[in-house]
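Enquirer: Line by line, the protein sequences give chains A and B. Counting from 1 along the first sequence, just add 75 to a position and that's the residue number in this note's numbering. Counting from 1 along the second sequence, just add 189 to a position and that's the residue number in this note's numbering.
Bear in mind the hints are in silico, worked out from the structure with no lab data behind them. Keep in mind that this is a model prediction, so the values were computed, not measured. Check before you lean on any hint, since a few could be wrong.
Part of the chain B face toward chain A, derived, beta carbon under 10 Å [said to hold, decoys possible]:
#1 Leu241
#2 Ala244
#3 Thr381
#4 Ala392
#5 Gly450
Pairwise CB distance ranges (calculated) [stated by the list, open to error]:
#6 A:Leu152 <-> B:Leu388: 38 to 44 Å
#7 B:Ala415 <-> A:Val138: 44 to 50 Å
#8 B:Tyr257 <-> A:Ala137: 45 to 51 Å
#9 A:Val134 <-> B:Ala219: 36 to 42 Å
#10 B:Lys224 <-> A:Leu152: 54 to 60 Å
#11 A:Ile84 <-> B:Asn385: 50 to 56 Å
#12 B:Phe491 <-> A:Glu79: 21 to 27 Å
#13 A:Val157 <-> B:Phe329: 51 to 57 Å
Yeah, the Cβ is synthetic: ideal placement off N, Cα and C, and Gly gets one too.
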Amino acid sequence: MAIEGADVIRAAAFIGAGIAMGFGAIGPGIGEGLVAARACEAIGKNPQEAGLLTRTMLVGQAVAESTGIYSLVIALLLLFVV
Amino acid sequence: MGVGAIGAAIGEGYTAAEANLAISRNTKSAGDIFKSMLIGQAIAESASIFALVIAMILLFTKFSATSYVTVCAIFAAGLSMGFGAIGSGIGAGFPAGAACTGMSRQPALSGKLTTNMLIGSAVCQTPSIFALVVSFILIFTDFSGYPVSPGCAAVLGAGLAIGLGAIGSGIGGGVVAESSCNGIARQPLTITPVTNVMLLGQAIAQTPAILGLLISFILIYKGFPATDSIAPSMALLGAGICMGVGAIGPGIGEGIASSGGVKAIARNQEVVGVITRSMLVGMAVAESTAIYSMVIALVMIFVA
Numbered sequence: 076m077a078i079e080g081a082d083v084i085r086a087a088a089f090i091g092a093g094i095a096m097g098f099g100a101i102g103p104g105i106g107e108g109l110v111a112a113r114a115c116e117a118i119g120k121n122p123q124e125a126g127l128l129t130r131t132m133l134v135g136q137a138v139a140e141s142t143g144i145y146s147l148v149i150a151l152l153l154l155f156v157v
Numbered sequence: 190m191g192v193g194a195i196g197a198a199i200g201e202g203y204t205a206a207e208a209n210l211a212i213s214r215n216t217k218s219a220g221d222i223f224k225s226m227l228i229g230q231a232i233a234e235s236a237s238i239f240a241l242v243i244a245m246i247l248l249f250t251k252f253s254a255t256s257y258v259t260v261c262a263i264f265a266a267g268l269s270m271g272f273g274a275i276g277s278g279i280g281a282g283f284p285a286g287a288a289c290t291g292m293s294r295q296p297a298l299s300g301k302l303t304t305n306m307l308i309g310s311a312v313c314q315t316p317s318i319f320a321l322v323v324s325f326i327l328i329f330t331d332f333s334g335y336p337v338s339p340g341c342a343a344v345l346g347a348g349l350a351i352g353l354g355a356i357g358s359g360i361g362g363g364v365v366a367e368s369s370c371n372g373i374a375r376q377p378l379t380i381t382p383v384t385n386v387m388l389l390g391q392a393i394a395q396t397p398a399i400l401g402l403l404i405s406f407i408l409i410y411k412g413f414p415a416t417d418s419i420a421p422s423m424a425l426l427g428a429g430i431c432m433g434v435g436a437i438g439p440g441i442g443e444g445i446a447s448s449g450g451v452k453a454i455a456r457n458q459e460v461v462g463v464i465t466r467s468m469l470v471g472m473a474v475a476e477s478t479a480i481y482s483m484v485i486a487l488v489m490i491f492v493a
């Protein structure tokens, strides 16, 4: 097996992309779940405000999602640019 | 096997602790609580029994290792079942603990609580059954025709994708079942909507594990051309790690979201529609990072 410099770099970029996206998905997944759980409990206590609470929940989740999107961007950069 | 035992141990320990607390609160129903604790622990144990079976097969089968790919496949089978048993072991402990606590508060409900606990923890076992299936496929498929590079990386990736991917869904399903047992113990009249929403939530919390299963099957069955360079191997291994680790967070998160929904429905079942809708929206958003992981894994398998 002939292993050259460029090949090693591409290999490292692939495995790095996998690690970046995989671990990057843990935090947002759990965090968004916590947001949704609290929103459901709040709607159960105060159903009249369901619209407002759902909106707030979505904004909060969107912010929590941002680090997941950073990971996605980094993974795509590693796959297609490096 | 070693890794698989961790989950079962945590799950059973949690159940036993809750059962002791419950018995101390209500010594009269100690018999019921003890019975329920044993059933719950037996289910939590099943994941580690799967791991034991795989370990036994690996130890006592004489493999005619014809290529490095076969060696890697056997190793990957061990990884898949070992990691895959963690989540289900931990997850199945939660509903059993909650059922014990519930029985000490409402001894009259012990039949309904046990039924609900059994349904909930059975669903928790599905991710570890996925891992078991992939382990068997990895052990009994003939990989001798596969090229060493990137075949080794593909089978290792397949084992990691479902093994790690099953952790989150197992724990997530357990969290949902826990709050449904809690809810039924507090408000026995809400048992129908609570159980329905629990099943819905658990089903959605399984999706990350199903994505992991999909990536595993693609890695095992697609067939990759032989290559001299190291990059394609690392892409396939990376795809497995990406999907496996990426499924942990969404699995747990969706479980938490759905447990919030179940808790709210148990308190206020008139608004079950509104709560279920918000819960589903929230779970869909939590799923998105698992889908990103799947996209990256598919790009690495098919494009890179």
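Enquirer: For each hint, tell me whether it holds in the structure or not.
Expert: Going down the list of hints, with the structure as the test:
no.: 1; hint: Leu241; result: violated (28 Å)
no.: 2; hint: Ala244; result: violated (26 Å)
no.: 3; hint: Thr381; result: violated (17 Å)
no.: 4; hint: Ala392; result: violated (15 Å)
no.: 5; hint: Gly450; result: holds (4 Å)
no.: 6; hint: A:Leu152 <-> B:Leu388: 38 to 44 Å; result: holds (41 Å)
no.: 7; hint: B:Ala415 <-> A:Val138: 44 to 50 Å; result: holds (46 Å)
no.: 8; hint: B:Tyr257 <-> A:Ala137: 45 to 51 Å; result: holds (46 Å)
no.: 9; hint: A:Val134 <-> B:Ala219: 36 to 42 Å; result: violated (49 Å)
no.: 10; hint: B:Lys224 <-> A:Leu152: 54 to 60 Å; result: holds (56 Å)
no.: 11; hint: A:Ile84 <-> B:Asn385: 50 to 56 Å; result: holds (53 Å)
no.: 12; hint: B:Phe491 <-> A:Glu79: 21 to 27 Å; result: holds (24 Å)
no.: 13; hint: A:Val157 <-> B:Phe329: 51 to 57 Å; result: violated (39 Å)
Of the hints listed earlier, those the structure fails to meet are numbers 1, 2, 3, 4, 9 and 13, in rising order.
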